[in-house]
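Could you build all of it, start to finish, from the sequences and the hints given here?
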Amino acid sequence: MKPIPYGHQDINEADIQAVMAVLASDWITQGPAIEKFEQTVAQYCGARYAVAVNSATSALHIACMAAGLKRGEWLWTSPNTFVASANCGRYCGAAVDFADIDNRTYNISVTRLAEKLKRAKRENRLPKVVVPVHFAGQSCEMEPIQRLAAEYGFLLLEDASHAIGGTYQGQKVGSCRFADMTVFSFHPVKIITTAEGGMVLTNRQDLYERLIRLRSHGITRQAELMSENQGPWYYQQIELGFNYRLTDLQAALGISQMERIDEFVAKRRAIAAKYDRELKNLPLILPWQHPDSLSAYHLYVVQLAPVYQRKSRRQVFEELRASGIGVNVHYIPVHTQPYYRQFGFKYGDFPVAEAYYNSAVSIPLYAAMTAEQQDYVISTLTEILQ
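FYI, the numbering for the sequence shown is 1 to 386, going by the numbering used here.
Label pairs and their in silico Cβ distance ranges:
| hint | residue 1 | residue 2 | range |
| --- | --- | --- | --- |
| 1 | E228 | G153 | 34 to 40 Å |
| 2 | G153 | Q222 | 25 to 31 Å |
| 3 | Y347 | P306 | 17 to 23 Å |
| 4 | W233 | A266 | 44 to 50 Å |
It should be emphasised that the hints constitute simulated quantities derived from the structure, not laboratory data. Glycine is no exception: its CB is placed at the ideal position from the N, C-alpha and C atoms.
Here is the structure:
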């Protein structure tokens with residue numbers, strides 16, 4: 001059997017034709033497909049505005065800039081995430097800190113966040129921005145986190161890179177009902193793809209207008225923002241921005257993929273449900289779903305149960321890889337990375353995230369996964385563990 005990756009894009013003939021149509025058009029970058037893609041995602045999620053960019057990392061960066069994050073201020077996030085969720089604060093010169101995770105959802109813990117905020121208020125080091133990460137496709141507990149934002153005065157930026165198509169309290173992730181901004185990723189292993197790409201959603205016009213400028217060098221053509229207007233060709237750079245633009249080729253792929261997003265999520269949930277049934281008697285801790293959320297299932301992460309002593313996580317991981325199953329580990333806690341240890345972080349600072357990491361393995365899950373492939377993963381994992 002061909003090796004099975006942990007994640008993979010699903011590209012069909014309609015996707016290919018959508019991209020070819022743009023190649024044959026007058027616009028291949030910064031044309032009408034960009035705005036249509038933004039409108040498509042915003043309408044699907046129930047948000048007012050969307051700004052497409054070339055990666056979710058870029059989206060996080062300009063979202064922090066739009067929030068006004070700067071040197072001398074703080075960004076907090078989860079230690080159980082890809083480094084981009086923290087790096088966006090460093091790009092702005094801000095300091096970064098973390099709140100430990102919940103031991104069932106693996107998302108940022110509301111209890112630990114609340115405790116840390118109380119201490120930070122006494123110490124006059126409250127965060128300017130908090131980035132809850134919707135790990136594996138499951139929303140964080142956004143309503144109580146929003147209450148903390150109102151109490152302590154920080155801006156909420158959802159890192160929903162894993163979670164387009166998921167829901168929280170019956171609403172689509174990305175509606176920004178409980179957050180100032182939401183970021184999506186469209187990397188090939190995510191729910192939908194534009195090859196590389198990302199997006200920021202918001203319901204705030206002031207944030208939207210700044211995000212639009214920041215993705216394109218800080219340039220505006222809005223007459224009311226310029227100090228003069230020399231003619232219809234004229235523009236002004238009014239702040240330092242970046243070239244974070246998406247292309248029409250990518251946007252066309254995204255529009256086509258959005259036509260199948262509910263199908264993709266339904267397939268992922270069906271695969272996850274089969275794993276739940278077939279793996280329940282193995283010495284594993286399986287993913288737990290909060291009753292307020294429906295995961296988009298970007299990842300299916302299992303942990304070796306503490307009672308299981310026959311093999312280490314590394315042994316299980318390497319045996320699965322040797323069997324042609326492309327397992328992975330999500331994530332190495334950010335505070336343990338050498339770059340962040342230079343700021344004083346150390347092993348033991350966030351014990352729940354560290355304990356989770358020490359036993360976690362992400363097994364294959366993607367919309368194009370076949371029943372035969374999943375059966376092979378299940379039977380191989382069963383054989384290795386038993």
